[in-house]
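There are 2 protein chains.
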Amino acid sequence: MIDISKLTAQKAHMIDREIEKVFPKNGLKNLDDAVWYHLGTGGKRLRPILSIVTYEALGGKDQKILPFAASCEILHNWLLIHDDIEDGDEVRRDKPAVWKKYGLAHGINVGDYMAQKVFELILSSDVDNEKKFHLIDSMVKTSIRTAEGQTMDINLRENNSPEEKDYLDMVTDKTAHYLTVCMVGAAVVAEREEIIPKLIKFGSEIGPAFQIADDILDLTVGKGRKEIGRDVKEGKRSILAIHCLGKCSDGEAEKLLKILNKLPEDTTDEEVSEVKRLFEKHGSIDYAREKAEKMKQEALETVKTLPEELHEILEFFADYLISRKR
Amino acid sequence: MIDISKLTAQKAHMIDREIEKVFPKNGLKNLDDAVWYHLGTGGKRLRPILSIVTYEALGGKDQKILPFAASCEILHNWLLIHDDIEDGDEVRRDKPAVWKKYGLAHGINVGDYMAQKVFELILSSDVDNEKKFHLIDSMVKTSIRTAEGQTMDINLRENNSPEEKDYLDMVTDKTAHYLTVCMVGAAVVAEREEIIPKLIKFGSEIGPAFQIADDILDLTVGKGRKEIGRDVKEGKRSILAIHCLGKCSDGEAEKLLKILNKLPEDTTDEEVSEVKRLFEKHGSIDYAREKAEKMKQEALETVKTLPEELHEILEFFADYLISRKR
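First to last, the protein sequences are chains A and B. Per this note's numbering, the first sequence starts with residue 2, numbered consecutively. Per this note's numbering, the second sequence starts with residue 2, numbered consecutively.
Do not take every clue at face value.
When chains are identical, the list treats them as one kind, so a pair holds in a single copy or across two.
What the hints assert, rightly or not - Below, in silico cross-link-like pairs of lysine-lysine (DSSO-like), each with a Cα-Cα straight-line distance of 30 Å or less: (1) Lys248 with Lys259; (2) Lys263 with Lys101; (3) Lys202 with Lys101; (4) Lys65 with Lys132; (5) Lys142 with Lys12; (6) Lys263 with Lys30; (7) Lys282 with Lys102; (8) Lys259 with Lys62; (9) Lys256 with Lys30; (10) Lys166 with Lys26; (11) Lys259 with Lys305; (12) Lys102 with Lys237; (13) Lys326 with Lys132; (14) Lys237 with Lys30; (15) Lys259 with Lys101; (16) Lys22 with Lys62; (17) Lys142 with Lys132.
No lab work stands behind these hints: they were computed from the structure.
Input sequences plus hints: build the corresponding full structure.
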């Protein structure tokens with residue numbers, strides 16, 4: 002049985018050692034220390050682990066995947082650092098967000114620095130130039146799509162009649178691609194390019210499902226913060242909000258939008274509870290759960306079309322990403 | 002005689018056409034339109050022109066340098082977009098800065114998007130993989146150094162006894178490398194890698210001199226803004242401030258630091274004039290001019306060691322970058 006905490010325990014050390022190669026522990030004040038501060042707030046190293054185990058399942062026995070795997074973790078983390086600024090989030094994993102601790106200017110610059118280190122890591126890989134290009138090209142395309150998804154996410158918060166399709170397009174761009182790229186990179190390094198289209202299909206099914214699970218977690222246990230309902234405060238057009246708006250009365254919709262459209266700092270916990278009650282009343286949480294489950298089932302069907310050696314780990318990840326409790 | 006406005010008139014169209022390939026004119030709202038808004042505020046396209054004319058002087062007769070040259074312009078502009086946020090600058094080239102017009106969240110995201118488009122442009126170049134690899138590697142190293150320089154710049158603003166060496170290290174990292182990379186890329190595409198070390202030497206001399214000229218312009222005509230003394234308001238440890246602090250009395254130093262350390266919005270124009278008077282009294286502006294001139298002369302000596310076909314254009318740029326009036 003695969004177990005995420007065992008995988009983290011096994012692989013985290015290798016990943017962090019790779020990251021240390023490009024972020025000196027005694028580097029520039031307010032730069033490298035800020036990177037390590039952020040990385041030290043936790044995180045499950047999910048993406049590099051997905052990359053490594055995919056590579057190993059494809060027969061990779063060496064360490065050639067490590068720089069790329071580490072670059073996936075750095076990509077994820079610089080996106081978080083900039084996201085926290087963009088969303089006005091002052092807390093990340095129960096600690097002050099980088100921009101709160103180091104100031105806005107350093108916060109932006111630290112993210113920019115890490116975004117370049119993604120490529121420094123890939124360039125340092127012990128693979129031939131053809132593969133390096135493919136890895137860089139995949140990472141560039143992914144990062145562009147992610148920025149487009151972020152634009153769609155911000156734009157959607159000003160939309161008072163959002164549709165589920167807008168949401169699914171947005172999360173596919175914002176979340177799915179940069180989950181998928183971890184597996185794509187593994188296929189490139191393992192010289193199994195022929196399976197990439199199916200990995201992308203799997204990622205495009207499991208990625209949005211992962212984000213839906215995240216939307217639900219925000220209202221139940223909070224997303225790595227003690228705060229419940231942060232998405233509601235930020236006015237995110239989550240799948241819950243979109244479903245509820247489609248089901249509720251005009252009066253309820255007006256109330257819901259009024260709360261969503263308030264500034265985060267002006268939204269009270271009582272208002273979050275009110276929104277949650279509306280979601281429950283109209284079955285929006287159940288709907289989201291079913292939607293995620295359905296997409297997971299589709300992803301599991303896609304897994305069956307992939308080489309057998311990938312089945313166990315991809316089935317595990319599909320399940321873990323959707324069913325995780327935090 | 003080379004003339005910058007003629008060069009701009011000749012080359013700007015080619016550069017913009019290249020940029021249009023990666024930023025669709027009808028792209029995502031608050032993303033591609035924000036890029037074009039920013040690019041439309043002006044700018045002399047100095048860096049891509051430097052890249053193109055270097056390539057042409059080295060014998061390049063085709064258009065293979067264009068994607069890289071365009072990528073230099075995009076690099077410059079995303080740095081400006083993020084810099085404006087980091088410095089709290091609300092105005093860029095007499096128009097609202099991107100973050101003021103589109104909001105902070107989009108402002109950060111637009112810069113992140115453009116940073117990736119730098120690589121999309123390079124990857125689209127019609128050159129062999131070996132050269133692409135070299136171009137990407139140079140761009141990544143440059144961008145990392147630039148982020149380090151930005152950290153040093155922000156850190157220096159909290160230093161009440163800054164030294165000239167700190168300043169020169171900072172501007173070399175923050176400004177010189179990404180001016181130099183334009184010429185380095187031209188040498189790579191023109192297959193003249195052997196001259197790169199000397200181009201880097203030239204850039205490391207002319208880059209800081211260019212920044213010193215900029216420091217002076219800020220106090221005389223303003224840097225692309227109607228506002229004079231923005232650097233003073235932002236508390237920048239310019240070479241003027243550092244020289245003055247080394248020459249003035251303890252009382253004057255206290256006064257100078259008090260003004261520099263105020264928040265930009267709390268610094269009055271009268272205080273800026275007071276600082277300017279202190280700089281004049283202690284000969285700091287003349288000192289900076291002489292320093293820039295001396296570095297320019299060193300750069301011109303370096304030009305003599307480069308192939309003759311580069312002399313005219315590099316001499317022109319050395320002179321233009323230091324002697325420009327705005």
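Comparing the hints with the structure gives:
1. Lys248 with Lys259: within (17 Å within a copy, 60 Å between copies)
2. Lys263 with Lys101: both (22 Å within a copy, 20 Å between copies)
3. Lys202 with Lys101: neither (38 Å within a copy, 39 Å between copies)
4. Lys65 with Lys132: The answer is both: 11 Å in one copy and 23 Å across copies each meet 30 Å.
5. Lys142 with Lys12: both (27 Å within a copy, 28 Å between copies)
6. Lys263 with Lys30: between (37 Å within a copy, 22 Å between copies)
7. Lys282 with Lys102: Result: close neither inside a copy nor across copies, 40 Å intra and 40 Å inter.
8. Lys259 with Lys62: neither (55 Å within a copy, 61 Å between copies)
9. Lys256 with Lys30: between (47 Å within a copy, 28 Å between copies)
10. Lys166 with Lys26: Classified as between; 24 Å across copies, 45 Å inside a copy.
11. Lys259 with Lys305: Neither way: lysine 259 and lysine 305 sit 45 Å apart in one copy and 69 Å across, limit 30 Å.
12. Lys102 with Lys237: both (25 Å within a copy, 22 Å between copies)
13. Lys326 with Lys132: Classified as neither: same-chain Cα gap 37 Å, cross-chain 48 Å, threshold 30 Å.
14. Lys237 with Lys30: between (35 Å within a copy, 18 Å between copies)
15. Lys259 with Lys101: Result: close both inside a copy and across copies, 28 Å intra and 25 Å inter.
16. Lys22 with Lys62: Answer is within; shortest intra-copy Cα gap is 21 Å, inter-copy 41 Å.
17. Lys142 with Lys132: Intra 15 Å, inter 20 Å, cutoff 30 Å: intra and inter.
In terms of the numbered hints stated before, the structure departs from hints 3, 7, 8, 11 and 13, listed from lowest to highest.
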